[in-house]
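A.B. asks: As a plain string of letters, each chain reads:
There are 2 protein chains.
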Amino acid sequence: MGSLTEENYIKSIYALSEATGEVYVSELAKKLEVKLPSVNSMVKRLATKKLVAYAPYKGIKLTEKGKKEALAIIRKHRLAELFLVKVMGLGWEEVHDIAEQLEHVNSSRFYERIDELLNRPKFDPHGEPIPDSNGKIHNQQRTSLIHLEEGLTATITAVTEDEKSFLDHLNAKGLQIGDAVTIKKRELFDGSITLLHKSKKEILLTHQVAERIWVEV
Amino acid sequence: MGSLTEENYIKSIYALSEATGEVYVSELAKKLEVKLPSVNSMVKRLATKKLVAYAPYKGIKLTEKGKKEALAIIRKHRLAELFLVKVMGLGWEEVHDIAEQLEHVNSSRFYERIDELLNRPKFDPHGEPIPDSNGKIHNQQRTSLIHLEEGLTATITAVTEDEKSFLDHLNAKGLQIGDAVTIKKRELFDGSITLLHKSKKEILLTHQVAERIWVEV
DNA sequence: ATAAATTGTTAGACGACTCTAATATTTTAA
DNA sequence: TTAAAATATTAGAGTCGTCTAACAATTTAT
Ligand SMILES: [Mn+2]
Ligand SMILES: [Mn+2]
Ligand SMILES: [Mn+2]
Ligand SMILES: [Mn+2]
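So the sequence lines, in the order shown, correspond to chains E and F. The first sequence: position 155 = 155 (our numbering), numbered continuously. In our numbering, each number is its position in the second sequence, counted from 1, plus 1000.
I should point out that these hints are in silico values taken from the structure, not numbers from a laboratory. By construction, the Cβ of each residue, glycine as well, lies at the ideal position given by its N, Cα and C atoms. Take the hints with a grain of salt, since some may be wrong.
Said to hold, decoys possible - Sample of chain F residues at the chain E side, in silico, Cβ under 7 Å:
1) 1101
2) 1110
3) 1113
Claimed, not checked - Which chain F residues stay away from chain E? Per the calculated CB distances, all over 10 Å, these:
4) 1065
5) 1094
6) 1097
7) 1106
As the list claims (entries may be wrong) - Computed list of chain E residues with no C-beta within reach of chain F, every gap over 10 Å:
8) 29
9) 35
10) 179
11) 200
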């Protein structure tokens, strides 16, 4: 276990590499809100610790060791989020920032107990999968709302963003994980989508919002 | 809110000053397990931040601001300990180390919720008082077991130590907060004490252990 | 009252993490 | 294919928190 800063770098590298496989110094700098030289020197340090593979001017890649550490932190983050919602009664929109801190708590006992109390949960409050204690992640196939044809009905399974402002927006629209929705209209002009919700209300979502909502048909 | 390190200094200064009012650099160094010059330079920093009053070769004293911060951290520590025991089902001997980490979590929402769930508790699992959200602490008058006359019966209200090894020792002896005990014998030679416990068992405690147990007659 | 022991401070250094300014490499566009 | 733009690295410095070694002040014991 490295420092808090190190853990945050590892986690961000993992998150960014999910899509592409390789991560660039500039992306990481943006995500972590630090300047390029800071990332450059930290990445060198991570490389000497064998947490990332890195050659100057080439991309950054997590080693197996680094990936394992990333998954351990993500596991703690997501367990914490679910715990905050299910046991402590907080809203899904307010748990991410607290979990950002709790994910660095070093205590297998603490997390073992959370896992037990929640009955070895598989998904966090935002529908993200929780890696098991070996770092194995149960990957669902995901479709974004924006890819659904008009007339189709689907169930919301996850959102790919847990920033408060985004989740507040969904709360205001009355959307939750598990809700069934039917695509009523897809606007060609701006990509916005009108849903028919189980509450019988019509809900208009902009493209920007709809693309962050994942469903299962 | 200062850094984690700063918070730990403030907390230790508060703990040490509880008895004497003034704290010396060497005591603090011992408690924090750092060398004298480290303490010296940190204390200077804390002084420029008006968290302590300090003059070279004189003692260290928390300012009102410093005291307030100390009590806020202690509040979080003790709320966390009680939460870990009552809600998460951990043992009183294993919560201190986790609380050492949780006390630095910065989230009023998190602690407000814990306080609520525990119904605004007044004491932590070791019988220590929990300061209220204004830093007000409900001070009980405390008597140590070693000051009780033979024949007296009293209730255990607190232990002044939450190190695992000490609490494991009490667990092995079967002693808990709230237990009634009668002083059967006080040995003059080594200060050890024989108790009669509600479980009808006789329990022998060394002076070193007995002096850390507080009772109410 | 001087010496010895204890306690505290200063000087100087180092690791972790960050920054700005200057420079180098790679990519893209003319 | 050279110039411009985008990316990445190096050089050098600053803060925080720690250390060792050397020195200074205070307390205690002879
Ligand atoms: Mn999150
Ligand atoms: Mn989440
Ligand atoms: Mn404690
Ligand atoms: Mn306690």
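A.B. asks: All hints are to be evaluated individually against the structure, with a verdict given for each.
C.D. replies: Hint by hint, here is what the structure shows:
no.: 1; hint: 1101; in the structure: holds (5 Å)
no.: 2; hint: 1110; in the structure: holds (5 Å)
no.: 3; hint: 1113; in the structure: holds (5 Å)
no.: 4; hint: 1065; in the structure: holds (24 Å)
no.: 5; hint: 1094; in the structure: violated (6 Å)
no.: 6; hint: 1097; in the structure: violated (7 Å)
no.: 7; hint: 1106; in the structure: violated (7 Å)
no.: 8; hint: 29; in the structure: holds (23 Å)
no.: 9; hint: 35; in the structure: holds (21 Å)
no.: 10; hint: 179; in the structure: holds (25 Å)
no.: 11; hint: 200; in the structure: holds (33 Å)
In summary, the numbered hints that this structure violates are 5, 6 and 7.
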